[in-house]
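Residue numbers (numbering that gives the first Met the number 0), protein chains in the order written: chain A, 0 to 112; chain B, 0 to 885.
In case anyone wonders, no lab produced these hints; they're calculated from the structure. Check before you lean on any hint, since a few could be wrong.
Stated by the list, open to error - Short, incomplete list of chain A residues facing chain B, as computed with Cβ under 7 Å:
id : residue
1  : Asp44
2  : Arg58
3  : Glu69
4  : Asn71
Said to hold, decoys possible - Calculated from the model, a selection of chain A residues having no Cβ within reach of chain B, i.e. all distances over 12 Å:
id : residue
5  : Trp21
6  : Ser31
7  : Ala47
8  : Arg72
9  : Arg73
10 : Ala103
What the hints assert, rightly or not - Where chain A lies over chain B, by a calculated footprint (3+ residues, C-beta under 8 Å):
id : region
11 : 65 to 71
12 : 869 to 883
Ideal Cβ placement from N, Cα and C applies to all residues, glycine included.
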Amino acid sequence: MDEPMSLVKGTLDALVLRALTWDTMHGFEITSWIEDRTHGALGIDDSALYQALHRMEERGWLVTEWGVTENNRRARYYSLTRAGRAHLAAETTRWVRYAQIVTAVLTASPRGT
Amino acid sequence: MSFVLPSRARRFFRLALHRRDRLESEVDDEIQFHIAARTDQLVRQGMPPELARVEATRKFGSLGEARASLTYSALRRDRRVRFREKLEAAAQDVRISWRGLRRSPSFLAVAVLCLTLGIGANAAIFSVINGVLLRPLPFAHPEKLVRVWRRGAVPPGIYLLVKAQSRSYDALGGFQDARLVNVTGAGAPSRYSASDVTGNLFEVLGVRAEIGRTLLPGDNNPGRDRIVLLGDAMWRERFGGDPGIVGRTVTIDGVPRTIVGVLPRGFLFPSADVQLWTPALFAPSDPYYWWGRPLRLVGRLASGVSPSRARAEAATVFARARSAFPMRMADDWGSDVDVVSLRESMVGGARSTLLLLFAAVGLVLLIACVNVATLYIDRALEREREIAVRAALGAGRGRIAVQLLSESLLVAGLGAAGGLALAVAGVRILVAMLPPGTPRAAGITVDGRVLAFTLVLAILSGLAFGMLPALRAGRLDVQSSLRKDGRTGDSPRRTSQSRMLVVAQVALAVIIVSAAGLLLKSFWLLRQVDLGFDSSHVIAAEIPLPSFDRDTAARAPTFYDAVLERARSIPGVLIAATTSAVPFGATAFPAAMEVEAHPTPPGGEPAMPIRTTVSPDYFRALGIPLLRGRAFTNADREGVPAVAIVDAAAARRFWPTEDAIGQRIRYVWMHDWITIVGVVGTVKRDSLSGAVQPSLYRPMAQGFGEEMVIVAKTTAGARDGDVTSQLRRAVAAVDPTVPVSDVHALNGLVAASASRTRFSVVLLLIFAAVALLLGATGIYGAMTASVSRRRREIGVRMALGATAESVLRLVLRETARVVVLGMLIGIAGAIASGGLLRGLLFGVGTVDATVLVVVAVLLMLITLLASLPPARRAARIDPLIAIRSE
Chain A
0 MDEPMSLVKG TLDALVLRAL TWDTMHGFEI TSWIEDRTHG ALGIDDSALY QALHRMEERG
60 WLVTEWGVTE NNRRARYYSL TRAGRAHLAA ETTRWVRYAQ IVTAVLTASP RGT
Chain B
0 MSFVLPSRAR RFFRLALHRR DRLESEVDDE IQFHIAARTD QLVRQGMPPE LARVEATRKF
60 GSLGEARASL TYSALRRDRR VRFREKLEAA AQDVRISWRG LRRSPSFLAV AVLCLTLGIG
120 ANAAIFSVIN GVLLRPLPFA HPEKLVRVWR RGAVPPGIYL LVKAQSRSYD ALGGFQDARL
180 VNVTGAGAPS RYSASDVTGN LFEVLGVRAE IGRTLLPGDN NPGRDRIVLL GDAMWRERFG
240 GDPGIVGRTV TIDGVPRTIV GVLPRGFLFP SADVQLWTPA LFAPSDPYYW WGRPLRLVGR
300 LASGVSPSRA RAEAATVFAR ARSAFPMRMA DDWGSDVDVV SLRESMVGGA RSTLLLLFAA
360 VGLVLLIACV NVATLYIDRA LEREREIAVR AALGAGRGRI AVQLLSESLL VAGLGAAGGL
420 ALAVAGVRIL VAMLPPGTPR AAGITVDGRV LAFTLVLAIL SGLAFGMLPA LRAGRLDVQS
480 SLRKDGRTGD SPRRTSQSRM LVVAQVALAV IIVSAAGLLL KSFWLLRQVD LGFDSSHVIA
540 AEIPLPSFDR DTAARAPTFY DAVLERARSI PGVLIAATTS AVPFGATAFP AAMEVEAHPT
600 PPGGEPAMPI RTTVSPDYFR ALGIPLLRGR AFTNADREGV PAVAIVDAAA ARRFWPTEDA
660 IGQRIRYVWM HDWITIVGVV GTVKRDSLSG AVQPSLYRPM AQGFGEEMVI VAKTTAGARD
720 GDVTSQLRRA VAAVDPTVPV SDVHALNGLV AASASRTRFS VVLLLIFAAV ALLLGATGIY
780 GAMTASVSRR RREIGVRMAL GATAESVLRL VLRETARVVV LGMLIGIAGA IASGGLLRGL
840 LFGVGTVDAT VLVVVAVLLM LITLLASLPP ARRAARIDPL IAIRSE
């Protein structure tokens, strides 16, 4: 297994918001969701994830509620607000454009067409 | 543990600590949950549990850092939420208050009206105080400016000496009192106020010219003094605001002067009317160098010098200066020299009037607050159940108290808004009413400071009348209130509180009404003062001298004789005469004289009669009685022996044992003796309240060629306007360059002299009327509430045989007891605060039995009127209904 890649700055927020698009989740579910999708290729520090969650809560992108898991444990559930959804949409567009530009430059033949 | 916080302190910390703990434990819970979930996942993947837990913790990363950062952000979030909650709670309080108030519109209307009157009166009077007393002078570093010798003035020779010998000032300047001058050339001849000043005056005040330059220190020297500075108003009105004005010439009293500059608009020194500033002449050969036209001194204190140190220095400098006069001065000359701040000296007598009025409006506001508090007591009764229900539903006592307080602050705020509107309107009326000559009246407006004052007043009064109900809510016994089930019984505490408020109201009203009474009596006594002359149907018009060349003295009488000749033929004019100073007009000056029979001892004060020159008919025109000897005749001219007439006061003063007729007197600076040929009645000169001063009259034809005032006694039917315009035509016919500006009915001049008293009387009467009105509504409200609280008791009494009449007496007796107590306290207060009135009263002491009796009777009557309706209502109570309804 390759060494996990370190995260490009700002992408963690987008990934977390994306994870919460369909459903409310607690912190561990969010981590698992991202790990499943990336097959562990991204090195996400758990503590960094929680700090991102709290920061986004402060900004009003997320709201939280204490709930109970299937195993009857008390957990803090996060869900997306309207502002969070808007931020995700903007961030996705930005990221895709960014990736396209960088990809185009990096994969084009050096002489150009 | 030995250290225990006092319970109050613990309670203070409890909430805060608790909240932080809660947030921290929530963060811990979340982290713990995560690690547990991760451990489970690793175990499911086949890791041994102990290892899984270690791995889960490792994978989480820095635990301590995460914990701190998460707790911090949670705290921040929490704080923000709580702030928003508080705001919402406040908004909700206001909403609830407003809804509650709207349910009782009459309470709201009466309370807001009371406060509008109280706060409005305060804001208006404070605007005047702010404008006159508090606003800094419009000069550079005004706190350093001082007046030196408030009651005195010095001739140029002494000014230069004092200036050279004083170390206390950065600069010491001087100015003369304003005098009227003729301005000719460039437009119609007209009269303006001018002041002769020292060249450095503008440096002292720190004022620059708007155009051109100000005066300079050298401008007082002979040869350089024929220049003038214009005021902004005169520059605009006479010269159309010509920006190229500097260098043009204007003729002042016949002397052409070059305009060197224009002063800024706000420059109103030494008084608001002055529009021309000319350099005083510093020439030892000038007759005014040692006497006449003296300068008042104004200085800028050097840094670190206090007024008291400057005063100590002035005492020694002035004592030395006395011996510098070429003539011998009285030994006590300059001994009353003082140094006071310029602002204080300009404000002068206005201070005591304004402070009195401020105290009066303060009382009015207190009465208004007491009134509203009385209303609140009854309102609280109605609301007790509502509050009890709220308390039962879980509202904390503090929360309820805050809610009640927010309601009273809302009421106060509405009152303040109304009061401010009232003040804006009132200030305009006040400024128009101000006695003429009130210093700095131009700057009176409702400014930021007045707004701030009003706001503070509103909060204070809101707290004042809102405290009682709020405190009571804190003590409220929920159980018993709810159990009472809407029954309204009389609570002894409430009754005693409402009685106390009525006592306070009556006491305050007595203080303000008796002050108004004292002033009113003074005013009445002033109007009764015997003037010594008949001011009815007399017109006085200032007729300046034409701008002759220097031989004025000889030609002046000829000019005035010609004017008189024509004036006499005006229809409606009975007698026309001239005088150098009409009573209650421009100030007449005393002259130092020597009485032949009683020479002045060296160093003693010479005889100083007020000197007036008059034409022969003057005494007849003003109805001044000739007591002995003869009046002046046309034969008393230049070239015949000099004669004079004295008034009875002078005859008594200067010749206490002899007959004044035939005695001789002379000016201290002249050689020729003047013989007294007649004695006339004494007249009041410049104030109704002042003591009479001995007077000496000289015939105009033997005078110095002074400017004269024409006095014309008219028939009762003659219209002043007609006579005035005829008079102007008569003067113009003699010399068209002579402006006739000040024309007054003598009656008006006399009345104007009492204007300060009249101003305070009118305002105090208004405030007293407001106080009485508020007091009456207060008493009416309190008695109505008391009767309705005691319905049951009265019903029982009546059922037991009390007659309607005895119930009426019962209620009135209760009122009377309260009112008499209030009256006694009020009289004590009036006597104690009488000192505020000192200086404003005439002919009455600060305690006056008549006034107090009248006030007492007045208040009794008003109380009776206010409590009669509730008493009658009590007497009409039907015992059956009253008892059954409970």
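Item to check | Hints breached by this structure | outcome: The structure conflicts with hints 2, 3, 4, 6, 7, 8, 9, 12, although it agrees with all the remaining ones.
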